[in-house]
Structure formats: structure tokens, C-alpha cells
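Trainee: Turn these sequences into a full structure, and let the hints guide you.
Sequence order for the protein chains is A and B. Numbered according to my numbering, the first sequence spans residues 1 to 224. Numbered according to my numbering, the second sequence spans residues 225 to 974.
Any given hint might turn out to be false.
With the C-beta cut set under 10 Å, the calculated list includes, among others, these residues of chain A facing chain B [said to hold, decoys possible]:
| id | residue |
| --- | --- |
| 1 | 11 |
| 2 | 18 |
| 3 | 21 |
| 4 | 111 |
| 5 | 112 |
| 6 | 114 |
| 7 | 195 |
| 8 | 198 |
| 9 | 201 |
| 10 | 204 |
A few chain B positions that, by computed beta-carbon distances, are all more than 12 Å from chain A [unchecked claim]:
| id | residue |
| --- | --- |
| 11 | 230 |
| 12 | 297 |
| 13 | 299 |
| 14 | 369 |
| 15 | 928 |
| 16 | 946 |
Since the hints were derived computationally from the structure, they do not count as laboratory data. Quick reminder that beta carbons are idealized off the backbone N, C-alpha and C, glycines included.
Each chain is listed here by its residues.
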Amino acid sequence: MSVRIGVITFPGSLDEGEAARAVRRAGGEPVALWHAERDLRGVDAVILPGGFSYGDYLRCGAIARFSPVMTELAAAAKAGLPVLGICNGFQILCEAHLLPGALTRNAGLHFIHRDLRLRVENTRTPWTRAYSGGQEIVVPLKSGEGAYAADAGTLAALEAGGQVTVRYLANPNGSARDIAGVSNEAGNVVGLMPHPEYATSELTGPGTDGLGFFSSVVSVFAGA
Amino acid sequence: MTDTVSHAAATPDVPQPFAELGLTEQEYGRVRKLLGRRPTDAELALYSVMWSEHCSYKSSKVHLRQFAEKAPRSDALLAGIGHNAGVVDIGGGYAVTFKIESHNHPSYVEPHQGAATGVGGIVRDILAMGARPVAVMDSLRFGPASAADTCRVLPGVVSGISFYGNCLGLPNIGGELAFDPCYAGNPLVNALCVGVMRHGDLKLATADGPGNQVILLGSRTGPDGIGGASVLASATFGGSGEGGDSAKRPSVQVGDPFLEKLLVECCLELYHGGLVAGIQDLGAAGIACATTELAAAGTGGMRVRLEAVPLRDATLGPPEILMSESQERMMAVVEPADVPRFLGVCEKWGVQATVIGEVTGTGRLEMTWHGETVVDIPPGTAANEGPVYQRPLARPEWQDKLAADDPAGLARPSGGDGLRTALISLLGSPGLADTTWVTEQYDHYVRGDTVLAMPEDAGLIRVNEDTGLGVALATDGNGRYALLDPYAGAQLALSEAYRNVAATGARPLAVTNCMNFGSPEDPSVMWQFAEAVRGLADGCAVLGVPVTGGNVSFYNQTDQTPIHPTPVIGVLGVHDDVRHRLSIGFAADGARIVLLGRTEAEFGGSAWAHVTHGHLGGRPPKVDLGAERQLAQVLASAAQAGVACAAHDLSDGGLAIALAESCLRGGLGCRVSLPGDPFTFLFSESAARAVVAVRPGAEDAFAEICAAHGVPAEVIGTVGGDSLHVEDCFAIPLDELAGAHRGVLPAIFG
Numbered sequence: 001m002s003v004r005i006g007v008i009t010f011p012g013s014l015d016e017g018e019a020a021r022a023v024r025r026a027g028g029e030p031v032a033l034w035h036a037e038r039d040l041r042g043v044d045a046v047i048l049p050g051g052f053s054y055g056d057y058l059r060c061g062a063i064a065r066f067s068p069v070m071t072e073l074a075a076a077a078k079a080g081l082p083v084l085g086i087c088n089g090f091q092i093l094c095e096a097h098l099l100p101g102a103l104t105r106n107a108g109l110h111f112i113h114r115d116l117r118l119r120v121e122n123t124r125t126p127w128t129r130a131y132s133g134g135q136e137i138v139v140p141l142k143s144g145e146g147a148y149a150a151d152a153g154t155l156a157a158l159e160a161g162g163q164v165t166v167r168y169l170a171n172p173n174g175s176a177r178d179i180a181g182v183s184n185e186a187g188n189v190v191g192l193m194p195h196p197e198y199a200t201s202e203l204t205g206p207g208t209d210g211l212g213f214f215s216s217v218v219s220v221f222a223g224a
Numbered sequence: 225m226t227d228t229v230s231h232a233a234a235t236p237d238v239p240q241p242f243a244e245l246g247l248t249e250q251e252y253g254r255v256r257k258l259l260g261r262r263p264t265d266a267e268l269a270l271y272s273v274m275w276s277e278h279c280s281y282k283s284s285k286v287h288l289r290q291f292a293e294k295a296p297r298s299d300a301l302l303a304g305i306g307h308n309a310g311v312v313d314i315g316g317g318y319a320v321t322f323k324i325e326s327h328n329h330p331s332y333v334e335p336h337q338g339a340a341t342g343v344g345g346i347v348r349d350i351l352a353m354g355a356r357p358v359a360v361m362d363s364l365r366f367g368p369a370s371a372a373d374t375c376r377v378l379p380g381v382v383s384g385i386s387f388y389g390n391c392l393g394l395p396n397i398g399g400e401l402a403f404d405p406c407y408a409g410n411p412l413v414n415a416l417c418v419g420v421m422r423h424g425d426l427k428l429a430t431a432d433g434p435g436n437q438v439i440l441l442g443s444r445t446g447p448d449g450i451g452g453a454s455v456l457a458s459a460t461f462g463g464s465g466e467g468g469d470s471a472k473r474p475s476v477q478v479g480d481p482f483l484e485k486l487l488v489e490c491c492l493e494l495y496h497g498g499l500v501a502g503i504q505d506l507g508a509a510g511i512a513c514a515t516t517e518l519a520a521a522g523t524g525g526m527r528v529r530l531e532a533v534p535l536r537d538a539t540l541g542p543p544e545i546l547m548s549e550s551q552e553r554m555m556a557v558v559e560p561a562d563v564p565r566f567l568g569v570c571e572k573w574g575v576q577a578t579v580i581g582e583v584t585g586t587g588r589l590e591m592t593w594h595g596e597t598v599v600d601i602p603p604g605t606a607a608n609e610g611p612v613y614q615r616p617l618a619r620p621e622w623q624d625k626l627a628a629d630d631p632a633g634l635a636r637p638s639g640g641d642g643l644r645t646a647l648i649s650l651l652g653s654p655g656l657a658d659t660t661w662v663t664e665q666y667d668h669y670v671r672g673d674t675v676l677a678m679p680e681d682a683g684l685i686r687v688n689e690d691t692g693l694g695v696a697l698a699t700d701g702n703g704r705y706a707l708l709d710p711y712a713g714a715q716l717a718l719s720e721a722y723r724n725v726a727a728t729g730a731r732p733l734a735v736t737n738c739m740n741f742g743s744p745e746d747p748s749v750m751w752q753f754a755e756a757v758r759g760l761a762d763g764c765a766v767l768g769v770p771v772t773g774g775n776v777s778f779y780n781q782t783d784q785t786p787i788h789p790t791p792v793i794g795v796l797g798v799h800d801d802v803r804h805r806l807s808i809g810f811a812a813d814g815a816r817i818v819l820l821g822r823t824e825a826e827f828g829g830s831a832w833a834h835v836t837h838g839h840l841g842g843r844p845p846k847v848d849l850g851a852e853r854q855l856a857q858v859l860a861s862a863a864q865a866g867v868a869c870a871a872h873d874l875s876d877g878g879l880a881i882a883l884a885e886s887c888l889r890g891g892l893g894c895r896v897s898l899p900g901d902p903f904t905f906l907f908s909e910s911a912a913r914a915v916v917a918v919r920p921g922a923e924d925a926f927a928e929i930c931a932a933h934g935v936p937a938e939v940i941g942t943v944g945g946d947s948l949h950v951e952d953c954f955a956i957p958l959d960e961l962a963g964a965h966r967g968v969l970p971a972i973f974g
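Mentor: Right under this line is the structure:
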């Protein structure tokens with residue numbers, strides 16, 4: 001039985017193809033999901049890919065979170081379905097209140113494309129269990145509104161609850177507490193601004209350090 | 225009151241604003257003669273944009289013919305000049321289409337939107353051929369980096385390219401960045417796009433088959449960019465005033481990359497469903513251009529209901545609707561039975577699509593406005609039979625004086641310390657400095673097929689994941705060389721782009737070009753243009769790579785002072801397996817460094833003369849196309865055989881800059897010993913040269929490849945250590961090199 005991972009395409013999604021490739025490279029089976037359909041097609045987990053859904057109009061992710069597919073996804077996420085939001089997907093999950101906090105314009109106000117060192121802080125999520133605690137990985141960042149922001153109480157709760165999933169070693173964009181990615185309290189929903197799917201091939205990326213996100217979730221369902 | 229055809233026929237003496245629309249009195253007279261009456265307002269608008277320099281190539285046509293006449297035999301060309309973009313067979317059932325186009329004037333007036341819509345426009349050109357756009361590149365030239373206005377223009381241009389290209393999801397894989405005072409009032413913003421298709425997917429811009437429906441899809445038509453082609457792109461800007469010319473700002477279009485993304489996906493699904501009989505993008509001259517060109521290339525007739533065009537501004541009338549350059553629009557010709565399915569696909573992608581007319585067999589392009597005929601013309605007269613000028617040309621009287629001003633007389637650095645200082649100062653000059661400040665604002669990775677991107681010699685995109693088939697692309701130009709000798713300058717730009725593509729291990733296949741010049745009404749400029757075109761056409765013939773298309777941008781001048789003639793040449797090459805690509809980076813410890821080609825003392829137009837002495841004179845480096853060809857064969861063979869682990873072409877700043885860049889890219893130093901006069905070997909810009917890092921143990925095999933192709937090869941050193949060490953001259957720690965190279969642009973632009 002192959003592990004089926006849904007990848008949602010919203011209008012303006014850009015990275016769904018590479019997310020699907022990463023799933024395949026990790027041994028899973030990618031399943032294309034369309035924003036306008038409520039059906040999650042019985043997948044084992046869902047990825048919200050990067051891009052500029054609805055052109056980032058209003059705010060990043062603000063319109064996509066009202067897509068028909070999101071109703072179904074929110075219910076499934078609350079029931080424990082593993083969900084990963086990458087970049088714009090992270091922004092959508094925050095707008096949908098499936099993850100705490102918000103993403104704001106980068107300090108310096110420029111779009112940043114850069115290969116970065118990250119530290120995996122929490123390896124208990126279904127998306128990070130393949131890593132060892134504190135493991136340092138190189139994954140590219142490519143975003144203009146990637147500065148993570150939350151109020152002091154939320155940040156303290158994230159730290160206390162182990163919800164900071166990945167952190168920048170050198171903060172590129174002004175994110176609070178160097179946060180690159182967070183999870184919900186249950187740990188099944190994870191969002192991060194860097195793109196692990198573009199670090200799954202030596203030929204077209206900075207290495208294969210990002211593969212762990214995808215092999216993690218595959219291993220959950222493959223029973224490894 | 226609407227100016228109808230019958231009204232025009234009845235009122236021959238009504239004064240018309242042809243001069244304001246950019247038509248000469250003779251051209252206006254010709255329109256009247258063609259029609260046998262005065263044109264209506266709408267017809268006048270249509271002819272004025274179609275006969276503009278930008279759309280009609282009226283000053284350049286007589287020269288551009290050489291690209292076809294002198295074209296080398298090439299089995300690779302599936303569609304050549306005259307289409308939206310040329311199409312090249314790369315094997316495996318795949319074809320690629322690529323083209324470079326200027327958006328110079330809009331980018332000076334409104335840098336962000338000007339540059340953004342430059343990307344949008346070239347992407348639609350590629351889409352219109354039936355291809356999926358897969359990557360973009362940008363070739364940028366500005367005034368001095370330190371000039372206040374450059375700090376307005378450059379960040380705006382970069383943010384515009386970043387905004388549009390990133391949102392559209394196309395990786396930006398390379399390009400150029402150069403600075404020179406001659407571009408202060410006329411920055412050059414040339415955008416290239418490449419697309420991929422299967423052989424059978426080629427789409428042509430024709431309206432065939434009477435009864436077929438004409439559908440306008442994409443954005444609503446607004447008042448933006450009206451007259452962009454005729455007014456803006458032909459105008460000489462008055463002075464180099466601060467902030468551009470605000471009166472012309474409305475002529476710059478505004479881009480919506482999200483809509484373009486939907487348009488791309490929508491069109492690709494329409495193609496896939498076989499629902500498109502013909503298609504044309506809307507760029508310069510908007511609906512006027514699309515209707516006349518589609519009709520002229522097809523059965524010949526078309527009827528259009530202009531009131532059916534969805535508008536953003538309800539006050540627009542026929543002339544404005546025809547001239548508007550609103551972005552993100554395409555025009556498709558669709559068989560009647562396919563219309564419902566066509567509209568269904570558009571609805572799925574949220575793309576507005578409206579039937580605005582149909583193909584007819586009348587041979588006339590007729591347009592109505594609420595039932596009244598406002599345009600009734602033979603479409604070919606607007607699309608193909610515009611004026612053609614044999615402009616006077618004259619070799620400038622200063623040309624000989626410039627050639628006589630030889631750089632041999634310039635003071636040269638002496639001793640190790642002098643050479644060291646010269647290298648550091650070149651490496652830290654804005655034109656040779658690290659471009660990360662710019663390129664970090666572009667997404668290089670999106671789509672997941674980018675194998676090489678800047679600062680590599682060329683961008684490299686994988687086309688087929690299973691076989692490794694891919695395409696490499698480079699753009700190059702050097703205005704200093706072209707000023708010294710436009711014929712040689714064009715060939716040197718071609719040589720460099722060809723060499724850059726070859727340095728990745730690719731086989732160069734085809735050429736596109738963007739000709740950036742001053743006013744064609746200036747005989748000196750026209751001579752430069754004619755020489756550059758002749759040089760490029762002759763060069764392509766020798767190298768065996770056909771020109772597949774291109775673009776001419778005239779009127780790049782401030783008052784009476786033109787820019788340096790700047791032909792920007794794009795070369796496309798094919799990689800049978802991208803896993804064999806070569807990077808410029810020295811990353812393999814112990815690899816032997818081999819200098820390929822002949823080095824002579826050639827400093828005319830060089831980076832050293834420019835940066836150190838502010839000097840521009842003498843002769844540019846000698847062109848040797850035969851040597852370029854042999855060098856390319858060596859690089860491709862070495863990559864294929866796996867004997868090389870890095871390669872870097874030698875151009876601006878010569879061997880010194882190439883070694884520094886390779887060290888910084890790969891993170892390892894090197895130790896070299898120069899085989900002759902150190903200054904000449906370090907800074908000369910002789911063409912047809914490259915450095916290769918040869919895999920340890922493969923030295924003999926590499927030497928055999930060089931000998932087989934007759935390319936001079938000299939082992940000059942070894943990769944390793946943490947400094948750039950030139951024996952008997954200097955050793956510069958990599959940290960110091962990096963400091964000189966990387967801090968320059970951030971210090972200027974923030």
C-alpha cells in the first residue's frame with residue numbers, strides 16, 4: 001500500500017510540482033487536489049505548496065483560506081491529519097488559524113532567495129521525525145513576506161510547548177526568535193517558510209537535506 | 225460623435241492629429257492613398273501604432289534581412305524569424321522557443337512597472353508559440369552605480385522583475401548587470417524568456433477559416449499604455465531630468481502577474497484540449513496589432529465588434545481600445561464548435577474570455593462600434609506593408625580618432641603589489657562586483673529544473689527528467705567594444721554568449737538578439753546599427769547558429785547623445801544530459817588548471833582600461849570565430865567525457881577576474897604560474913579563451929581533446945588552498961577577495 005500525500009493547487013500556486021516530486025523521491029504517492037473541490041480523496045496527509053495564491057492580494061493566503069477545499073482540510077487537520085504548509089502554504093495555514101502567528105514583510109523589504117542553514121528543533125511531528133533533534137540542514141528560502149510574527153504570549157507558549165519546529169541559524173528576514181517554522185499544539189500541522197521540497201536533489205537544489213520532511217510522513221504510514 | 229468610415233469619406237478635409245500620433249506627413253498621405261479617403265480616428269490610431277518603429281521595424285528591416293539571407297543551414301530550426309519567437313528542435317521530440325525583447329523606455333519612466341511588464345510581454349510571446357514558459361533572464365544596463373538616479377532606476381527595475389517573475393513562477397536563471405555613464409538617461413532592460421513544447425504543439429498566429437470565432441481572453445482593456453509603441457518608444461527624452469518624465473507616465477502599462485499565471489495555465493490547457501486554431505499575444509499596439517497580424521497571416525478577413533471588448537474604463541472609444549497596451553491579454557481563433565469548451569476552460573481558470581468577432585473571407589479587416597463601421601482596411605497594409613526606410617548612414621568622423629587612442633600608452637601596474645591592487649579594484653568595481661544583491665531577489669529554483677543559474681556562465685534548465693536533456697542560455701553584450709567597432713562588437717557579444725553556453729558543456733544551437741541603439745535618424749547611429757547587424761549575421765554564418773528572432777530598440781539617447789551601440793546577444797545550447805554540466809566553481813582540490821586559447825595584449829575597451837583609467841579607445845579584442853568553435857568543441861567533449869570539473873569563460877577583466885570568480889564560487893583557492901607578462905596574462909581580454917579545472921588523473925585525456933581540436937592549452941596551476949596565489953606576484957586570501965567582491969552593491973543600494 002503506497003502512502004498517498006495530497007498536494008493542493010490553488011490559483012497562483014507555483015511549487016506543487018516540486019512538492020509532488022519530493023513526495024515521490026521519499027517513496028510516497030502524490031495526489032493532486034484542486035482548491036475548488038471539497039474532496040480530499042482519502043489521502044493520508046496534505047501539503048499546501050508555495051506560490052502566490054490569488055496573487056497575494058489583500059494579504060498572503062488571506063483569500064486562499066476561503067477555498068472550498070479548506071473547509072474539509074480544517075476539519076481533517078483538527079482530527080489529526082498531518083498537514084504541511086510550505087511558504088505560501090504556511091501563510092494560508094496561519095490565515096486559516098490552523099497555526100498561530102502571522103507572516104509579515106521581510107526586514108529590508110526585499111524578496112530573498114537564499115540557501116540557508118536551519119536547525120530542526122522538534123522531531124516529534126509527523127513531518128520531522130526522520131531528523132535527529134538539533135540537526136542542522138540546508139534548505140532554500142524564497143519569499144518576500146516571511147518574517148514570522150506573534151504576540152509575546154503566543155511566542156512564549158510556542159517555546160514552552162515545543163511548537164517551534166525549525167529555526168534559522170542566521171535570521172534572514174527578521175522573524176521573531178529566528179523562527180522558520182512552527183506546529184500546532186498537537187504537532188500534526190506544521191508550517192515553514194523555507195522550501196524543503198527544493199532540497200531533495202543534488203542536481204537542482206543545494207542538496208537533499210529537505211527530503212526528511214517527506215520521508216518522515218511516509219514513514220508514519222508505512223509503519224516504519 | 226463616432227467617426228465612421230462613411231463619415232470619413234464624406235469629410236475629407238477634417239484635420240487629423242497624425243503628427244501627434246507619430247506619423248510623418250508622407251506616411252499619413254500614404255494611408256489616405258491606400259484607403260482612397262481619409263482614415264477614421266480608429267484607423268488613424270491603428271496605422272500609427274502599426275507603422276511605428278517598434279511594430280514595423282521600418283528603419284531596421286532592410287538590414288535585418290541579412291539574418292535570413294546569411295543564415296547557416298540548420299536542421300534545428302522549426303520556425304524562424306517573423307513568428308512571435310523562433311522555435312528550435314533540441315531532440316527527443318522536444319522543441320524550445322526563446323526570445324529577448326527590450327523594455328528600455330518604460331523602465332526609465334516607471335522602473336518597477338516598466339521592468340515588470342517587460343517580463344510579462346516576453347512570456348506571452350513564448351506562450352503564443354504553444355510552449356510552456358520555463359525560465360527568464362534579464363540583461364540590465366544602468367548609468368554609473370553611484371549616480372542618484374541609478375539608485376531610483378536600478379532598485380525599481382529589480383523589484384519589478386522580482387515581483388512579476390517570482391509571482392509568475394518562472395525561475396530567473398541569469399543575465400547581465402553593467403554600468404556606464406552612457407546609460408544614465410537610457411537604462412537598458414532586456415528580458416529573455418524560454419519555453420518548451422513537444423514538436424506537434426507549435427501554434428501559429430493566423431486567423432484561418434471563415435466563420436471561426438475570434439476570442440479575446442485575459443485582462444479587461446483599460447487606458448494604460450495607450451500609444452506606448454508609437455509615442456513612448458519613439459520619443460527622445462528631454463534631458464536627463466530627475467524622476468523621468470511624469471507626463472509620459474500614463475504611457476507605461478501596469479502588470480498583474482497573477483492574472484498572467486492564470487492566463488498561462490489556461491492557454492496551456494486550451495492547447496492541450498486542441499481548442500485553439502490560431503493565437504496571438506497582445507503586446508505593443510494591443511488589439512490593433514493582434515487583429516491586423518492574425519488577419520493578414522490567415523484567410524485575410526476579420527470582422528470585429530469593438531463594443532464587445534470588456535473594458536476597465538467605460539469611457540474608452542474605438543481609437544483607445546485599439547491602441548491600449550493593457551497587459552495579460554491574448555487573442556485566439558477558435559472553431560465555432562469548440563467555443564463552449566474553450567469558454568469552459570477559461571472559466572475554470574477564472575480568465576475572462578469574450579467572443580469579439582469572426583474570421584471572414586472578404587480580405588478586409590472590418591470593425592464596428594455599436595453597429596457602425598469604424599475600420600475597413602486590407603489588414604496587410606497595416607501589418608506588413610508599412611513604410612520601409614533606407615536611412616542614410618555615415619561612419620562617424622570621430623571613429624578613426626577613437627581607434628587611434630590606443631590603451632598601450634596607459635600606465636600599467638608594475639610589480640606584485642601593483643597587480644594585486646589592480647585586481648582588487650576591478651573585482652570591487654560595480655560592473656564586475658558580486659551581483660547577489662540583485663539576483664537574490666529572484667527565485668532561481670521554482671519549477672525544480674534549474675541546474676545552473678547566476679553567477680554561472682550560463683543558465684541551464686532540465687527539460688526531461690528521465691533522459692537529462694536540457695537547454696543552456698546566456699546573454700552578452702559589450703557597449704564599449706561595440707563603440708570601438710560595431711561590427712566586431714556584435715561578433716564579440718555573440719562569441720561571448722556562445723562561449724558561455726559552451727562553458728557549461730552545452731552545444732550552441734541558435735541565437736536571439738536585442739539591438740539597443742540611439743536614433744535611426746542619426747546617420748552615425750544608423751551606421752553603427754548596420755555594422756552590428758552585418759557583424760552578427762556574418763558571425764552566425766561562421767559559427768553555424770541561426771538567428772531565430774529578436775528585437776530592435778532605437779531612440780535610446782538623451783538629447784543628441786546616443787548610448788553606446790549595444791547589441792545584446794542570447795545564445796541557446798543543448799545538453800544531452802545535464803548531469804554532465806560544468807560549473808565555474810573551483811571545488812575539486814588538486815584539480816589542474818588549464819588556460820585554453822591564445823592570450824595577446826588586448827586592452828581596447830577592456831574593463832581594466834575602463835575601471836582604472838576611465839579610458840575607452842583603440843581596438844577591441846580580435847574576433848576569431850574559428851577558434852571559438854574549436855574551444856566550444858573542447859568544452860563540450862571534456863564535459864561529456866567527464867574529464868573536467870569546472871570551466872569558466874574569460875571575458876571582462878580577463879584571467880584575473882575569472883580565477884577570482886571561480887575561487888569564490890567553489891570555495892577553494894588556487895595557485896597559478898603565468899606563462900608570460902603577468903599584466904597581459906591577468907587582464908587582457910583576448911577572445912576565444914577559457915580556464916578549465918581538469919579532474920586529477922585526467923590531464924592526459926584532456927590534453928588529447930585539446931590537441932584533437934587544435935586548441936592551445938597550457939597548464940597554469942592547481943586548485944587548492946585558501947588564497948588566490950599568482951606565483952611571483954601576489955597571494956590574496958579568499959576572505960579578502962570576497963570582501964572586495966560582495967560588499968559593493970549592498971553598500972550602494974542598501
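Trainee: So, for every hint listed, does it hold in this structure?
Mentor: For each hint, the structure was consulted:
Taking 10 Å as the C-beta cut-off, the interface hint given for residue 11 of chain A holds, the closest approach to chain B being about 6 Å. About 4 Å separates the beta-carbon of residue 18 of chain A from the nearest beta-carbon of chain B, less than 10 Å, and the hint is met. A hinted interface residue such as residue 21 of chain A counts as satisfied when its beta carbon comes closer than 10 Å to some beta carbon of chain B; here the least separation is about 6 Å, so the hint holds. At about 5 Å, the closest approach between the beta carbon of residue 111 of chain A and any beta carbon in chain B falls short of 10 Å, and the interface hint on this residue holds.
Nearest Cβ of chain B to the Cβ of residue 112 of chain A: about 6 Å, under the 10 Å cut. The hint holds. Annotation: residue 114 of chain A was flagged as interfacial toward chain B, and the flag holds, the nearest CB pair being 6 Å apart, inside 10 Å. Evaluation of the residue 195 of chain A hint against chain B yields a held restraint, the C-beta minimum of about 7 Å falling below 10 Å. Because the closest C-beta pair between residue 198 of chain A and chain B is about 5 Å apart, less than 10 Å, the hint holds.
Given the 10 Å rule on beta carbons, the hint for residue 201 of chain A holds: about 8 Å separates it from the nearest Cβ of chain B. Against a cut-off of 10 Å between C-beta atoms, the interface hint on residue 204 of chain A holds, since the closest Cβ of chain B lies about 6 Å away. Non-interface call for residue 230 of chain B relative to chain A: holds, since the shortest CB-CB distance, roughly 45 Å, exceeds 12 Å. Annotated as non-interface, residue 297 of chain B keeps its C-beta farther than 12 Å from every C-beta of chain A; the closest such distance is 34 Å.
For residue 299 of chain B, the non-interface assignment is confirmed: its Cβ lies about 29 Å from the closest Cβ of chain A, beyond the 12 Å cut-off. The Cβ of residue 369 of chain B sits about 17 Å from the closest Cβ of chain A, beyond the 12 Å cut-off, so the non-interface label holds. Every beta carbon of chain A lies more than 12 Å from that of residue 928 of chain B, the smallest distance being close to 28 Å; the non-interface claim holds. With a minimum CB-CB distance of about 21 Å to chain A, residue 946 of chain B clears the 12 Å threshold, and the non-interface call stands.
Checked against the numbered hints above, the structure breaks none of them.
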